Structure formats: structure tokens, C-alpha cells
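Protein chains in written order, with the working numbering: chain A, 1 to 343; chain B, 1 to 343.
Derived by calculation from the structure, the hints in this document are not laboratory data.
Among these hints, one or two may not hold up.
Each pair may be met inside one copy or between any two copies, as identical chains are not told apart.
[Said to hold, decoys possible] Below, simulated PhoX-like cross-link-like pairs (lysine-lysine); rule was C-alpha separation at most 20 angstroms, straight line: (1) Lys261 x Lys106; (2) Lys241 x Lys16; (3) Lys311 x Lys269; (4) Lys157 x Lys106; (5) Lys157 x Lys133; (6) Lys7 x Lys117; (7) Lys157 x Lys311; (8) Lys311 x Lys32; (9) Lys32 x Lys117; (10) Lys157 x Lys269; (11) Lys106 x Lys333; (12) Lys279 x Lys133; (13) Lys279 x Lys326; (14) Lys157 x Lys212; (15) Lys279 x Lys333; (16) Lys208 x Lys278; (17) Lys117 x Lys333.
Please read these numbers as outputs of a predicted model, since none were measured by experiment.
Protein chains: 2
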Amino acid sequence: MELDQRKVVILTTIIKNYLETGEPVGSRTISKYSGLNLSSATIRNEMSDLEEMGYIVQPHTSAGRIPSDKGYRFYVDQLMENHKHEIDDVKTEMFEKVDRLETTLKTLVRNLAENTKYAAVVTGPSIRTNKIKFIQTSLVDARRLLLVVMMQGNIVKTSSVVLDGAEELDFNRVLSINMLLNDVLNGLSVEDITEGRIGQLLARTSYKGTVKTIVDSILNMLDINLGESQIYTSGATNIFKYPELVDSDNASKLISAFETKDELASLVKESQEQADGKKPIQVYIGEESPLQNMSDCSVITANYELGNGLKGTIGVIGPKRMDYEKVLEILSKLQSEMDQAFQ
Amino acid sequence: MELDQRKVVILTTIIKNYLETGEPVGSRTISKYSGLNLSSATIRNEMSDLEEMGYIVQPHTSAGRIPSDKGYRFYVDQLMENHKHEIDDVKTEMFEKVDRLETTLKTLVRNLAENTKYAAVVTGPSIRTNKIKFIQTSLVDARRLLLVVMMQGNIVKTSSVVLDGAEELDFNRVLSINMLLNDVLNGLSVEDITEGRIGQLLARTSYKGTVKTIVDSILNMLDINLGESQIYTSGATNIFKYPELVDSDNASKLISAFETKDELASLVKESQEQADGKKPIQVYIGEESPLQNMSDCSVITANYELGNGLKGTIGVIGPKRMDYEKVLEILSKLQSEMDQAFQ
DNA sequence: GTTAGCACTCAAAATATTGGAGTGCTAACA
DNA sequence: TGTTAGCACTCCAATATTTTGAGTGCTAAC
Numbered sequence: 001m002e003l004d005q006r007k008v009v010i011l012t013t014i015i016k017n018y019l020e021t022g023e024p025v026g027s028r029t030i031s032k033y034s035g036l037n038l039s040s041a042t043i044r045n046e047m048s049d050l051e052e053m054g055y056i057v058q059p060h061t062s063a064g065r066i067p068s069d070k071g072y073r074f075y076v077d078q079l080m081e082n083h084k085h086e087i088d089d090v091k092t093e094m095f096e097k098v099d100r101l102e103t104t105l106k107t108l109v110r111n112l113a114e115n116t117k118y119a120a121v122v123t124g125p126s127i128r129t130n131k132i133k134f135i136q137t138s139l140v141d142a143r144r145l146l147l148v149v150m151m152q153g154n155i156v157k158t159s160s161v162v163l164d165g166a167e168e169l170d171f172n173r174v175l176s177i178n179m180l181l182n183d184v185l186n187g188l189s190v191e192d193i194t195e196g197r198i199g200q201l202l203a204r205t206s207y208k209g210t211v212k213t214i215v216d217s218i219l220n221m222l223d224i225n226l227g228e229s230q231i232y233t234s235g236a237t238n239i240f241k242y243p244e245l246v247d248s249d250n251a252s253k254l255i256s257a258f259e260t261k262d263e264l265a266s267l268v269k270e271s272q273e274q275a276d277g278k279k280p281i282q283v284y285i286g287e288e289s290p291l292q293n294m295s296d297c298s299v300i301t302a303n304y305e306l307g308n309g310l311k312g313t314i315g316v317i318g319p320k321r322m323d324y325e326k327v328l329e330i331l332s333k334l335q336s337e338m339d340q341a342f343q
Numbered sequence: 001m002e003l004d005q006r007k008v009v010i011l012t013t014i015i016k017n018y019l020e021t022g023e024p025v026g027s028r029t030i031s032k033y034s035g036l037n038l039s040s041a042t043i044r045n046e047m048s049d050l051e052e053m054g055y056i057v058q059p060h061t062s063a064g065r066i067p068s069d070k071g072y073r074f075y076v077d078q079l080m081e082n083h084k085h086e087i088d089d090v091k092t093e094m095f096e097k098v099d100r101l102e103t104t105l106k107t108l109v110r111n112l113a114e115n116t117k118y119a120a121v122v123t124g125p126s127i128r129t130n131k132i133k134f135i136q137t138s139l140v141d142a143r144r145l146l147l148v149v150m151m152q153g154n155i156v157k158t159s160s161v162v163l164d165g166a167e168e169l170d171f172n173r174v175l176s177i178n179m180l181l182n183d184v185l186n187g188l189s190v191e192d193i194t195e196g197r198i199g200q201l202l203a204r205t206s207y208k209g210t211v212k213t214i215v216d217s218i219l220n221m222l223d224i225n226l227g228e229s230q231i232y233t234s235g236a237t238n239i240f241k242y243p244e245l246v247d248s249d250n251a252s253k254l255i256s257a258f259e260t261k262d263e264l265a266s267l268v269k270e271s272q273e274q275a276d277g278k279k280p281i282q283v284y285i286g287e288e289s290p291l292q293n294m295s296d297c298s299v300i301t302a303n304y305e306l307g308n309g310l311k312g313t314i315g316v317i318g319p320k321r322m323d324y325e326k327v328l329e330i331l332s333k334l335q336s337e338m339d340q341a342f343q
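Model the full structure from these sequences, guided by the hints.
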């Protein structure tokens with residue numbers, strides 16, 4: 001059987017109607033709202049075909065139809081097609097005061113959740129590929145250094161380094177260590193800090209123990225921060241607005257996922273792999289979702305890339321009947337704005 | 001009417017049983033488990049009295065009784081009485097590696113939620129009263145300084161300061177500004193940084209614009225951090241374990257409160273005011289709770305005070321039928337350990 | 001190819017039935 | 001005077017039954 005023009009109109013009408021109401025859609029409704037001027041009986045025939053083709057399903061005999069995952073997929077693909085060129089140049093005030101990336105992302109994720117009424121997640125750029133911009137250590141007391149590392153995007157990480165005290169430090173010595181560290185490590189990412197580099201560092205100082213401890217501390221700090229703290233979330237409670245999620249226990253699973261954040265991390269990873277394959281925006285419908293046991297949810301992710309090569313992900317998680325059109329529009333707008341907001 | 005010994009035993013049995021099962025308790029059950037060797041009929045008479053006195057209520061005629069808020073209150077007060085001296089000297093490994101207070105608190109709150117199976121909240125010491133230990137500014141580029149402030153408890157705050165460029169800075173000038181800042185501001189809390197102090201600072205430098213900007217930035221940074229970021233939470237999803245909270249929509253309210261954190265801030269404030277009046281542990285039952293519209297929840301808070309005068313709050317939020325005994329024990333243990341863990 | 005008409009289906013809502021846990025009261029008992 | 005057995009009564013909760021109505025598929029006519 002073929003999906004002709006009329007079937008497409010009917011399918012689209014069913015889906016749009018279902019997205020709005022959340023109720024199964026019957027033939028009479030379509031007959032009235034499709035604009036096709038067909039009687040409900042004719043629509044019934046077509047719906048019967050659409051069901052056979054797998055685009056819609058009946059929750060039970062004598063109920064209206066709801067879109068199947070395949071139906072949603074068709075609808076979303078169509079949307080993506082039409083919206084490809086629609087990235088408009090409306091500028092929001094969001095990035096007016098870009099100073100520190102972290103602050104920006106926190107605001108971003110909150111706004112996103114508020115605008116969409118779904119749950120939102122945003123990740124900062126992966127620290128592994130982010131480059132060191134500036135290192136500073138300072139003597140807090142005899143045995144302790146405060147280590148401050150600033151990365152691109154003005155992300156600042158701090159850590160305190162406890163020394164064994166074998167090498168006595170004073171202000172000037174710390175100064176020279178700082179100069180050395182900046183000289184060798186600036187512009188490098190964690191991955192670039194190889195054994196060789198470290199050797200090179202140690203060769204140029206007589207405070208080998210101290211410098212070694214500091215470098216270990218830097219690596220350790222950036223490794224730890226690879227994980228959760230880079231994931232910002234908001235609006236998890238929006239999920240309670242959607243009864244179908246509350247009834248199945250998808251809601252509580254989602255809230256859990258938002259609390260522990262591990263699963264979100266794998267979602268982001270999956271999304272970024274897709275993005276590398278040149279798909280900047282992904283839509284995961286129901287079972288397709290990388291989140292475990294959340295067949296009633298859909299996930300939309302967008303990957304952004306800043307001018308300096310830093311990459312991150314923005315995502316929205318909602319019920320399967322989410323407003324794909326709106327979310328896609330918002331995400332693609334954000335995506336392009338992120339690019340522009342940082343040089 | 002008087003609450004004699006027998007009534008107390010019956011009331012306690014009712015409460016304990018209800019805490020375990022969550023089901024209304026009938027006279028036959030008490031007759032079997034109270035250890036009093038009384039028939040259910042006698043118990044019924046006593047229960048009738050207890051109801052009249054307001055310690056227990058019947059959800060409906062011909063159901064067992066459940067404790068009223070007054071009943072819980074009596075039970076908890078009794079517990080507090082008995083446990084006063086029970087702060088034992090068992091040491092957990094929790095504070096083995098105390099380096100930075102923030103890390104410790106994050107671990108603490110997670111453990112607390114896991115052990116109790118309720119929602120947990122922990123605040124770091126109020127920054128307003130916390131004292132500055134160390135200030136460092138460094139030139140990132142021509143127009144931007146990185147400002148790092150370390151407070152007592154090794155809490156580090158950073159911020160970037162954008163200069164207007166009117167005063168040209170170089171490495172040595174920044175150095176002298178650092179020395180001045182540390183000289184004047186170290187040991188002060190935000191509250192201590194008065195107009196007078198600022199004047200004093202400015203009088204001693206020729207880079208008045210820069211120093212003023214930095215000080216403003218410090219004040220601003222610490223003011224912002226007064227709020228949410230000092231509140232750590234965990235285990236909000238534990239709430240889903242308690243059907244009575246899920247059914248009333250107390251669960252979703254709680255999750256919301258844990259997401260936005262404003263309400264938790266006022267909870268902490270309330271608790272600390274109580275603590276100043278010499279009540280180190282508070283129990284809020286049902287309506288008594290400072291949280292809005294959470295009549296089915298109880299809140300237990302403990303205030304800790306570190307050796308250096310820093311104060312914070314630890315709290316557990318759960319259903320009204322939470323295991324008060326266990327939670328009180330854990331909190332009082334933590335409280336005393338916190339004191340010992342920091343010098 | 002389209003449509004009106006009709007019998008049929010089935011979930012959800014409304015209503016009825018039943019079972020059982022629990023109570024209060026009374027009268028008898030120690 | 002306090003305790004207890006016995007009994008009628010209440011009422012929630014679980015289960016069964018009925019009713020309702022939206023929606024379908026099929027058929028025959030246009």
C-alpha cells in the first residue's frame with residue numbers, strides 16, 4: 001500500500017490532534033478538522049489502512065487511534081525536513097552578559113525548561129578536550145597550596161594541594177613554579193598532558209616533588225570533573241504535568257535519572273556520537289530513547305559547538321506526545337546562538 | 001483525664017505499630033502486642049479515652065486508630081528525653097579525608113539519604129559569618145582579573161572581574177594589590193566589610209578604581225552565594241517509596257522544593273533560629289513543618305557548629321510516619337562528629 | 001470512490017453487593 | 001470497680017454488575 005497525499009494529511013491531523021489533547025482521535029474528529037471534506041466513513045477506511053501500515057494504533061477496539069512510534073517518526077522526519085532552513089536570526093537577550101560559561105549554561109537550562117515545560121538538560125563542554133588557559137598556585141599555609149586552573153570558556157576549577165613538606169617553599173619559589181606551569185601547560189587539554197610533557201616540566205625545576213604533586217592534582221581534578229558536575233538540569237518536576245508519565249512510573253524514573261545524572265551522561269554521550277556523524281539535532285521517540293525503561297518519553301538533543309572548538313549538548317525530555325515542532329525550533333535557535341555568543 | 005502509665009504504653013504501641021505498617025491499628029492488635037495482657041475490649045476503652053484526649057484519631061468509623069500530630073509529638077518528646085545521653089562515640093569513616101568542606105558535605109548528604117531512605121539536605125556554613133582566609137587576584141588578560149577567595153573551611157569562591165581599563169595594570173601592580181587586600185580583609189566576614197574598611201583600603205592604594213571594582217566583586221560574589229548554591233541535597237526520589245506522600249501530592253511538592261531550593265533555604269533559616277535558642281535538634285511534625293503545604297511530612301533538623309564558629313544545618317524530610325528514633329540517632333551522631341572532624 | 005446506516009465492541013463511569021475489620025455498648029464476672 | 005465476652009452496628013475496600021457512549025467495521029446505496 002502507498003502513503004498517498006490524503007493519507008499523509010489524515011495522519012498529520014491525527015498526530016497534531018493527539019499532541020494537543022492526549023486523547024485517542026476518532027474518525028469523526030478528523031472528518032471535521034482535516035479540511036478534506038470527507039465523511040467519517042471514508043476517514044475510517046483510510047485510518048484502517050494507516051493502521052495496517054503501522055502508523056497508528058488502537059489502544060483497544062472501539063477507541064480512536066493514537067500514533068505509533070513509527071507514526072511519530074514519520075511526523076518528526078517531515079518536520080525536520082521543513083525546518084531545515086528555518087533557523088532565523090531572532091536574537092534573545094540570553095547571552096547579553098556572557099562572562100563565565102557555567103553561569104550562562106545554568107541560565108540557559110532554566111530558561112529552556114521554563115519555555116518548553118519539559119525537563120531540560122545542558123552540558124558544558126567536555127573538560128577532556130577543553131584547553132588550559134591559565135594556572136595559578138598560591139601558598140595558603142606552610143603545607144598547603146591553593147591551585148586554580150582556568151579553562152577556555154572561563155571555566156574555573158580549584159583544588160587544594162597538600163604537600164609533604166620535603167621541599168620548603170616561599171613566595172618567590174611559588175612564583176617561579178607558576179611561571180613554569182603556565183609556560184609548559186597553557187593551551188593544552190588534559191589529554192595533551194602526557195608523560196613526556198611532565199618529564200619536560202620536571203627537568204626545568206628543582207622543586208620536582210612539589211611540581212609533580214601539583215600536576216597530579218590538576219589531572220585528578222579535571223578527571224573528577226569529567227563526570228556529573230558538568231551536567232546542568234532543570235524542570236524535572238515539569239514531568240508531573242503529564243499524567244501518562246505519572247501513571248506509568250516513567251516520571252519517578254526520570255526524576256531519579258535527573259538526581260543521579262549518570263544516565264544523563266550516557267544520553268549525552270550517545271547524542272554526541274550521533275552529532276559527529278553530522279546530525280546536529282536528534283529526536284529519540286519512545287523505545288528509541290537511550291534512557292532505560294522510558295518508553296513513554298521522547299528525547300530531543302542538540303549539539304552545539306563554540307568557535308574555539310568546545311562542544312556541548314542541550315536536551316529536552318518530555319512525554320512522547322511533546323510539542324516536537326516547538327522544541328525543535330527552540331533548540332535549533334539556541335544552537336545557532338551559542339555559536340555566535342562566543343567568539 | 002490523666003495520661004497514666006498504661007495509656008502511655010498503649011499509645012506507644014499504637015505509634016510504633018503504625019510507623020512499621022502504615023495501616024490503622026486496631027484494638028485486637030494492641031491486645032496481642034502491647035505485652036499488657038488485656039483483652040481487646042479493655043484496650044478499646046483506653047483507646048476511646050486516648051482519642052478523646054487527642055492523641056489518636058480514627059480515619060473513619062470502624063477503622064483502627066492512627067496517631068494524631070499531638071500523638072507523634074508526645075512520642076517524639078519522649079524519645080528526645082531518653083536519647084539525650086545516648087550520643088555514643090562510634091566513629092564513622094566519613095571524615096577520613098577532610099580537605100574541602102564542600103566535598104565533605106556532598107558525601108555527607110548522600111550518605112544520609114542512603115542510610116535513612118528519606119530526603120536529605122545539608123547546608124554549608126553561612127557565608128555571611130564565614131571569614132576570609134586568603135584572597136588572590138591574577139591578571140588573565142588586559143581587561144580581566146581572576147578573583148579567588150578562600151574562606152574558612154577551605155571553601156573557595158572564584159569570579160572574574162572585568163575592568164574598565166582606565167588604570168593600567170601589570171604583574172607587579174597586581175601583586176601589590178593582592179598584598180593590600182589580604183592585609184586589610186583577611187579574617188573578616190562579609191558583614192565586617194564596612195564602608196569604613198573600604199575607605200581604609202582605598203586610602204592605601206593608587207589603583208582606587210581597580211580595588212573598588214574588586215571589593216564590589218567580592219561582596220557581590222559572597223552575597224550571591226548566600227543563597228542556593230550552599231544547599232546540598234540528595235535522595236529526593238526516596239519520597240516515592242511512601243505511597244501516602246505520592247497519593248496526596250506532597251511528593252511532587254517536595255521534589256519541586258528540592259529542585260528550586262528556595263523553600264529549603266527558609267527551612268534552614270527557621271531551624272537555625274530555633275538552634276540559637278539552645279535546641280540543637282528540631283522535629284517538625286506535619287503542620288508544624290516550615291515547608292508549605294506538606295502536612296503529611298515531618299522534618300528533622302540538626303544544627304552543627306564547627307570549632308571555628310562556623311554553623312550549618314543537616315536535615316531529613318520524610319513521611320509523618322518516619323522512623324524518628326533512627327533519624328534522631330543518626331543526626332545526633334553526625335552532629336557530634338562534625339564538631340570533632342574540624343579543629 | 002464516497003457515504004449513510006446499523007449492529008457491534010469495549011473501556012470507563014456509575015451503581016450495587018459483599019466481606020471483614022473494627023467499633024461501642026451492655027451485661028456479666030472477679 | 002476494673003475487666004471481659006458477646007453482639008449489633010458501621011463503613012471502607014474489594015468485587016461484581018450495569019449503563020453509557022464513543023468509536024469501529026461492514027454493507028448497501030448513491
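Hint check:
1. Proximity of Lys261 and Lys106 under a CA criterion of 20 angstroms is satisfied in both settings, with 15 angstroms inside one chain copy and 15 angstroms between copies.
2. Taking CA atoms no more than 20 angstroms apart as the test, Lys241 paired with Lys16 passes inside one copy only; the shortest distance there is 19 angstroms, against 36 angstroms between copies.
3. In this assembly of identical chains, the alpha carbons of Lys311 and Lys269 lie at most 20 angstroms apart only when taken from the same copy (11 angstroms versus 40 angstroms across copies).
4. Taking the shortest alpha-carbon separations for Lys157 and Lys106, both the intra-copy value of 17 angstroms and the inter-copy value of 17 angstroms come in at or below 20 angstroms.
5. Proximity of Lys157 and Lys133 under a CA criterion of 20 angstroms is satisfied in both settings, with 12 angstroms inside one chain copy and 18 angstroms between copies.
6. In the homo-oligomer, the alpha carbons of Lys7 and Lys117 never lie at most 20 angstroms apart, since the shortest distance is 31 angstroms inside one protomer and 53 angstroms across protomers.
7. Taking identical chains as interchangeable, the C-alpha atoms of Lys157 and Lys311 lie at most 20 angstroms apart only when both belong to the same chain, with a minimum of 18 angstroms there against 25 angstroms between chains.
8. For the identical chains of this complex, Lys311 and Lys32 are neighbours neither inside a copy (47 angstroms) nor across copies (66 angstroms), given an alpha-carbon limit of 20 angstroms.
9. When the C-alpha separation of Lys32 and Lys117 is checked against a cutoff of 20 angstroms, the pair qualifies neither within a copy, at 30 angstroms, nor between copies, at 53 angstroms.
10. With identical chains, the CA atoms of Lys157 and Lys269 are never at most 20 angstroms apart, being 22 angstroms at best within one copy and 30 angstroms at best between copies.
11. Proximity of Lys106 to Lys333 under the C-alpha cut-off of 20 angstroms is restricted to the intra-copy arrangement: shortest distance 17 angstroms within a copy versus 36 angstroms between copies.
12. With identical chains, the CA atoms of Lys279 and Lys133 are never at most 20 angstroms apart, being 30 angstroms at best within one copy and 49 angstroms at best between copies.
13. For the homomeric pair Lys279 and Lys326, the shortest alpha-carbon distance inside one copy (19 angstroms) is at most 20 angstroms, but the shortest distance between copies (52 angstroms) is not.
14. Taking the closest pair of Cα atoms, Lys157 and Lys212 come within 20 angstroms of each other only inside a single copy of the chain (18 angstroms); across copies the shortest separation is 25 angstroms, beyond that limit.
15. Within a single copy, Lys279 and Lys333 get their C-alpha atoms as close as 15 angstroms, which meets the 20 angstroms cut-off; across copies the closest is 53 angstroms, which misses it.
16. For the homomeric pair Lys208 and Lys278, neither the shortest alpha-carbon distance inside one copy (45 angstroms) nor that between copies (52 angstroms) is at most 20 angstroms.
17. Taking the shortest Cα distances, Lys117 and Lys333 sit within 20 angstroms of each other inside one copy (17 angstroms), while across copies they are farther apart (42 angstroms).
Going down the numbered hints, you'll see the structure goes against 6, 8, 9, 10, 12, 16, while the others check out.
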